[in-house]
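Asker: What follows is the residue order along each chain.
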Amino acid sequence: MNHLHLLTFARGSALNWALMLCVAGIVLRLFEIFGLGRKTDLAKPRINSPGSGWHTIFSRSLPPQGMLKREPVTYIGGYVFHLGLLTAILFFAPHIELIRSMTRLGWPSLPSPLVDASVVASIIALGVLLAHRLNNPVKRLLSGLCDYLAWTATLLPLLTGYMAYHHLFIEYTLMLALHIFSVDLLLVLLPFTKLFHTFSVFISRWYNGDIFGRKGVAS
Amino acid sequence: MKLAEKPDILPGTVGEGLAQRGICRREFLQFCTALTALLALPPTMTVAMAEAISKARRQSVIWLSFQECTGCTESITRSHTPTLENLIFDLISLDYHHTLQAASGEAAEHARELAMKDNFGKYLLIVDGAIPMGNPGFSTIAGISNYDMLMEAAKGAAAIVAVGTCATFGGIPKADPNPTGAVAVSDIIKDKPIINVPGCPPIPVVMTGVLAHFLTFGSIPELDSLGRPKSFYGETIHDHCYRRPFYDQGKFAQTFDDDAARQGWCLFKLGCKGPVTYNVCATTKWNDGTSFPIQSGHGCIGCSEPNFWDAGPLYEALSMPISATASMLGTAAAVGTAAGAAITWHNRSTKAAAKAAHEKVTVQELIREDK
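From first to last, the protein sequence lines stand for chains A and B.
Going from the first sequence to the numbering used here is simple: count from 1 and add 3.
One point on numbering: in the numbering used here, the residue at position 60 of the second sequence is 57, and numbering is uninterrupted.
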């Protein structure tokens, strides 16, 4: 099998199966979460707090006061990584073409060097966050195999994408195939690992905000 | 000074032929300089190459055409102007080429057999076209199957040059569903040096460069993992494309005739396969260096890559899925919904069963019995 063959397989059957597993997995997990339900809270709300769930979605996405004193590495690393990753996924022209082909939605892309810089920042942030996770006793204790698997599955598309763009180490066609394979792997793992927070994060933030609001707790 | 006036011109050599056509040494050296650059050889090799080529005896070449469209021959013979490349081709001893030769029928086949016998172990075998393995009758020449003719001719060849994507990788005849069972030369011949010169068609100067290398050094140039000369197929078209800066700036043509396309913006979104195609189209160009497909406004279709015809739609960006559709995702969502509903039902049943099995603790049960 030559490199173009491999790329064709990565863009073809492998991507089809990965996308189908990802979509089916996401829908399944969302059903599972919503299907579990919560007991009706029969207590009278402490305060009238309409919209506290929505408010929390935004308030917890913004940098909190004192973050640099409490957990600078986690906060800064987290912001840099997530913003870099989103920039690479959503504003690199080839990625927009992929999204457009599936959804018919498209938007202007950013210049490649800007996306490239955001990828470098993301990779560095991932490295720093891993070092922090390994050096911090609490985080290390809380981390399991699944966490390291999710970290690896996230790093691979960034790393292979960067290496493909810069023609590093191996031939471009093969590296592009490996990049798409790494994305295929990420898509398959996404619904069934902690990476599912991509879809559940705002749901859980809304729930936390809403329940805290009812209980009169700041969120 | 004309080459013909030089006393060291040997009769029957390429040098004599060039001299007869009025090519002066300066022109010939310029040509050799370009070739050494193309072949990525040091500049000092220019004179050595000029000497070697001019003193070389006319190389016996047997050209076999199998399942092909004659585009490769057209490409080489119909250059924009009669260039030195053409002359070099005139100056090889093309002993058999069933499209170009005047002889036909038995006379033509006799010429091939004679050339093979007289130059056994020395002739260069050029092949264009794929070889059908499904049935020998799918493609024959003078009643001889392509496979038999190739095997017979390959025995006495010093080296084989597979010209065009059909001969190098199977090309369009091999495209799915490959009705003739077409294969490439390298799929059959394993005991001879094979130089793959893919392209649909290949660039004439690449052919000339390979021949010049063979005449100069008596060996084949350095090849990549697909058997292609590294000097011509070492980098992608995308890397040397004049539209590349627009790719880096995120400026893309949306249609073939929009303003962006006319201003030279990148054709990636229109399906250009330049990023994964290794060839020198962007630098050497075609028709005497006039243009190449991307410059003419059409994306690269990746014709010098193996299985390019089956490597996804020609007019869709390289990053787009080849066959994924919205309906496929809809089906996946439906499957996810069904599975999610089943799991939800199971979870709720488990929850209800646990609730039903739950036994309430009475106050009496909590009272500690005094011993």
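No lab work stands behind these hints, which were simulated from the structure alone.
It cannot be assumed that every hint is accurate.
Listed below are the simulated DSSO-like cross-link pairs for lysine-lysine, each with C-alpha atoms no more than 30 Å apart in a straight line [claimed, not checked]:
{"#": "1", "chain 1": "A", "residue 1": "Lys142", "chain 2": "A", "residue 2": "Lys72"}
{"#": "2", "chain 1": "B", "residue 1": "Lys187", "chain 2": "B", "residue 2": "Lys114"}
{"#": "3", "chain 1": "A", "residue 1": "Lys218", "chain 2": "A", "residue 2": "Lys72"}
{"#": "4", "chain 1": "B", "residue 1": "Lys119", "chain 2": "B", "residue 2": "Lys189"}
{"#": "5", "chain 1": "A", "residue 1": "Lys197", "chain 2": "A", "residue 2": "Lys47"}
{"#": "6", "chain 1": "B", "residue 1": "Lys189", "chain 2": "B", "residue 2": "Lys227"}
{"#": "7", "chain 1": "A", "residue 1": "Lys218", "chain 2": "B", "residue 2": "Lys227"}
{"#": "8", "chain 1": "B", "residue 1": "Lys189", "chain 2": "B", "residue 2": "Lys152"}
{"#": "9", "chain 1": "B", "residue 1": "Lys348", "chain 2": "B", "residue 2": "Lys189"}
{"#": "10", "chain 1": "B", "residue 1": "Lys282", "chain 2": "B", "residue 2": "Lys248"}
{"#": "11", "chain 1": "B", "residue 1": "Lys227", "chain 2": "B", "residue 2": "Lys282"}
{"#": "12", "chain 1": "A", "residue 1": "Lys42", "chain 2": "A", "residue 2": "Lys197"}
{"#": "13", "chain 1": "A", "residue 1": "Lys47", "chain 2": "B", "residue 2": "Lys282"}
{"#": "14", "chain 1": "B", "residue 1": "Lys248", "chain 2": "A", "residue 2": "Lys197"}
{"#": "15", "chain 1": "B", "residue 1": "Lys348", "chain 2": "A", "residue 2": "Lys218"}
{"#": "16", "chain 1": "B", "residue 1": "Lys357", "chain 2": "A", "residue 2": "Lys218"}
{"#": "17", "chain 1": "B", "residue 1": "Lys357", "chain 2": "A", "residue 2": "Lys42"}
{"#": "18", "chain 1": "B", "residue 1": "Lys52", "chain 2": "B", "residue 2": "Lys119"}
{"#": "19", "chain 1": "A", "residue 1": "Lys47", "chain 2": "B", "residue 2": "Lys52"}
{"#": "20", "chain 1": "B", "residue 1": "Lys352", "chain 2": "A", "residue 2": "Lys42"}
{"#": "21", "chain 1": "B", "residue 1": "Lys152", "chain 2": "B", "residue 2": "Lys187"}
{"#": "22", "chain 1": "A", "residue 1": "Lys47", "chain 2": "B", "residue 2": "Lys189"}
{"#": "23", "chain 1": "B", "residue 1": "Lys187", "chain 2": "B", "residue 2": "Lys119"}
{"#": "24", "chain 1": "B", "residue 1": "Lys114", "chain 2": "B", "residue 2": "Lys189"}
{"#": "25", "chain 1": "A", "residue 1": "Lys42", "chain 2": "B", "residue 2": "Lys52"}
Asker: If a hint holds in the structure, say so; if it doesn't, say that too.
Answerer: Hints, verified against the model:
A hinted pair counts as satisfied when its Cα atoms are at most 30 Å apart, and Lys142/A with Lys72/A qualifies at roughly 18 Å. In summary, the hint linking Lys187/B to Lys114/B is supported, as the alpha carbons are separated by about 22 Å, within the 30 Å threshold. Of the pairs offered as hints, the one joining Lys218/A and Lys72/A holds, with about 28 Å between alpha carbons and a cut-off of 30 Å not exceeded. Between the alpha carbons of Lys119/B and Lys189/B the distance comes to roughly 12 Å, so the proposed pair stays at or under 30 Å and holds.
A threshold of 30 Å between alpha carbons decides the hint, and for Lys197/A with Lys47/A the separation of about 34 Å lies outside it, so the pair is violated. With a C-alpha separation of about 19 Å, the suggested pairing of Lys189/B with Lys227/B holds against the 30 Å cut-off. Restraint check: the Cα-Cα separation between Lys218/A and Lys227/B comes to about 71 Å, which exceeds 30 Å; the hinted pair is violated. Distance check on the hinted pair: Lys189/B and Lys152/B sit about 8 Å apart at the alpha-carbon level, within 30 Å; holds.
Only pairs whose Cα atoms come within 30 Å are accepted, and Lys348/B paired with Lys189/B is rejected, the gap being roughly 73 Å. A hinted pair counts as satisfied when its Cα atoms are at most 30 Å apart, and Lys282/B with Lys248/B qualifies at roughly 23 Å. Straight-line distance between C-alpha atoms of Lys227/B and Lys282/B comes to about 17 Å, which keeps the hinted pair within the 30 Å bound. With a C-alpha separation of about 25 Å, the suggested pairing of Lys42/A with Lys197/A holds against the 30 Å cut-off.
A threshold of 30 Å between alpha carbons decides the hint, and for Lys47/A with Lys282/B the separation of about 79 Å lies outside it, so the pair is violated. A threshold of 30 Å between alpha carbons decides the hint, and for Lys248/B with Lys197/A the separation of about 36 Å lies outside it, so the pair is violated. Taking the CA atoms of Lys348/B and Lys218/A, the gap is about 26 Å. The hint holds against a cut of 30 Å. The hinted pair formed by Lys357/B and Lys218/A meets the criterion: a straight-line CA distance of about 28 Å does not exceed 30 Å.
A threshold of 30 Å between alpha carbons decides the hint, and for Lys357/B with Lys42/A the separation of about 19 Å falls inside it, so the pair holds. Taking the CA atoms of Lys52/B and Lys119/B, the gap is near 17 Å; set against the 30 Å cutoff, the hint holds. Distance restraint check for Lys47/A and Lys52/B: the Cα-Cα separation of roughly 103 Å exceeds the 30 Å cut-off, and the hinted pair is therefore not satisfied. Of the supplied pair hints, the one linking Lys352/B and Lys42/A holds, its CA atoms being roughly 13 Å apart against a limit of 30 Å.
At most 30 Å may separate the alpha-carbon atoms for a hinted pair to count; Lys152/B and Lys187/B meet this at roughly 11 Å. Only pairs whose Cα atoms come within 30 Å are accepted, and Lys47/A paired with Lys189/B is rejected, the gap being roughly 88 Å. Between Lys187/B and Lys119/B, the direct Cα distance comes to roughly 18 Å. Compliance with the 30 Å bound is thereby established for this hinted pair. The straight-line distance between the Cα atoms of Lys114/B and Lys189/B is roughly 18 Å, inside the 30 Å bound, and the hint therefore holds.
Between Lys42/A and Lys52/B the alpha-carbon distance is near 95 Å, which puts this suggested pair outside the 30 Å criterion.
Checked against the numbered hints given earlier, this structure breaks hints 5, 7, 9, 13, 14, 19, 22 and 25; the rest are met.
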